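Undergrad: Build the full structure now, drawing on both the sequences and the hints.
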Amino acid sequence: MTIAIHESALIRHFNTRKEVLRAWEERIGARFSPFRGFKMPDSRLYIEDSDFLDSIVDLIITNERHVFIRGPVGSGKSTLMLLALRDLPTLADRKGNKFITGYVGMTGLYEKQMASAIADSLRVKYRRSWESSQIIDAVAKESLRRYLEEQSRTALFIEDVADNQEAAFHKLRFLADLPTEEMIDAYSGALDEPIFTLVMSGTLIYWNAMLSFLPQIAHRTEPLDVPPLNDAKAREFIGRRIAYAQGQIDSFDPETFDVYPFSDEAVKVINTATKGNPRDIRMLARGCQQVAAENFRNSGNPDVTKDIAELVSKAYATLLKEVQ
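Going by this note's numbering, 181 is the number at position 181 of the sequence shown; the sequence numbering is gapless.
Honestly, the hints are just simulated from the structure, not real lab data.
Here the structure is a predicted model, which means the values were calculated and not measured.
Note that CB positions come from ideal geometry on N, CA and C, so glycine has one too.
Accuracy of the hints is not assured; some may be wrong.
The list that follows gives simulated cross-link-like pairs (lysine to aspartate or glutamate, EDC-like), each with its CA atoms no further than 16 Å apart [what the hints assert, rightly or not]:
(1) K233 - E265
(2) K275 - D258
(3) K141 - D120
Listed next, with one range per pair, are the computed distances between beta-carbon atoms [unchecked claim]:
(4) R31 - Q290: 14 to 24 Å
(5) G37 - R173: 29 to 39 Å
(6) R44 - D225: 21 to 31 Å
(7) K306 - L204: 28 to 38 Å
(8) P227 - D192: 15 to 25 Å
(9) R127 - G37: 34 to 44 Å
TA: The structure is reproduced here in structure tokens:
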């Protein structure tokens with residue numbers, strides 16, 4: 001018996017839209033959508049804010065306070081942390097200490113889960129049968145050894161830190177206080193500075209939760225607010241993504257670049273609607289691409305105009321309020 005397979009409405013629309021979007025991308029010389037999401041960030045797409053980066057670097061170099069990168073969802077906290085995680089091991093502080101880094105990106109962790117995640121990320125050996133306090137003690141001892149023998153400070157990056165069980169916080173408190181008084185007494189003169197730095201991220205709600213549940217760390221932590229993109233940086237954000245999709249990101253010049261097929265007025269409309277949030281800029285730009293691609297099919301014009309940006313911004317207004 002033969003079963004006839006007919007093309008469904010969904011398949012027709014899927015294939016049609018795919019062709020429409022692909023035609024627009026080919027028209028602007030792109031190999032894929034400039035506004036697709038990437039699992040791992042590329043430093044060439046990062047929009048630099050010198051003052052903000054200086055603040056982070058100064059805190060890590062002076063080694064006096066922990067860091068909390070604070071901002072709304074989509075503001076670029078994760079991108080910044082992952083890039084710092086990658087670059088920090090190649091640097092050294094003013095004393096010549098190198099950095100050994102670890103990253104905990106999971107949330108909702110219980111006490112032992114947090115201890116295990118920290119040890120795994122910092123490549124510290126432990127037995128699975130150990131209690132959480134034993135695991136954290138092993139991390140502390142290895143961090144001490146690395147500081148004394150390898151001249152390496154430990155930096156632990158933790159995303160959405162307050163989105164974990166309260167008991168897990170206290171493991172962080174122990175590490176944040178290193179070296180302990182016992183360590184200082186045992187190695188007289190060798191431990192005159194902190195050996196463990198926490199670089200945390202989260203929203204304002206998470207920061208307030210940390211103030212409530214772990215004030216001992218919060219009061220020794222500097223919150224740094226991720227600045228929103230201004231119109232010029234939003235233009236660069238879109239320009240870099242277009243150049244990346246065109247395979248020209250390595251020759252991108254931030255002093256002179258084009259955002260074609262977007263008009264400068266369209267970029268300003270998008271940035272105003274998104275309040276300078278990178279994730280939302282990307283979302284609205286993708287919406288503009290969809291409208292412009294349909295126009296290109298009908299008229300042969302691929303431009304993203306101010307009118308298109310205003311149309312898309314209004315359509316996304318409700319959604320943006322829900323996710324901000």
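Undergrad: Next, verify each hint and record whether it holds.
TA: Quick rundown of the hints versus the structure:
{"no.": "1", "hint": "K233 - E265", "in the structure": "14 Å, holds"}
{"no.": "2", "hint": "K275 - D258", "in the structure": "22 Å, violated"}
{"no.": "3", "hint": "K141 - D120", "in the structure": "15 Å, holds"}
{"no.": "4", "hint": "R31 - Q290: 14 to 24 Å", "in the structure": "18 Å, holds"}
{"no.": "5", "hint": "G37 - R173: 29 to 39 Å", "in the structure": "35 Å, holds"}
{"no.": "6", "hint": "R44 - D225: 21 to 31 Å", "in the structure": "25 Å, holds"}
{"no.": "7", "hint": "K306 - L204: 28 to 38 Å", "in the structure": "33 Å, holds"}
{"no.": "8", "hint": "P227 - D192: 15 to 25 Å", "in the structure": "34 Å, violated"}
{"no.": "9", "hint": "R127 - G37: 34 to 44 Å", "in the structure": "39 Å, holds"}
The structure shown violates the earlier hints numbered 2, 8.
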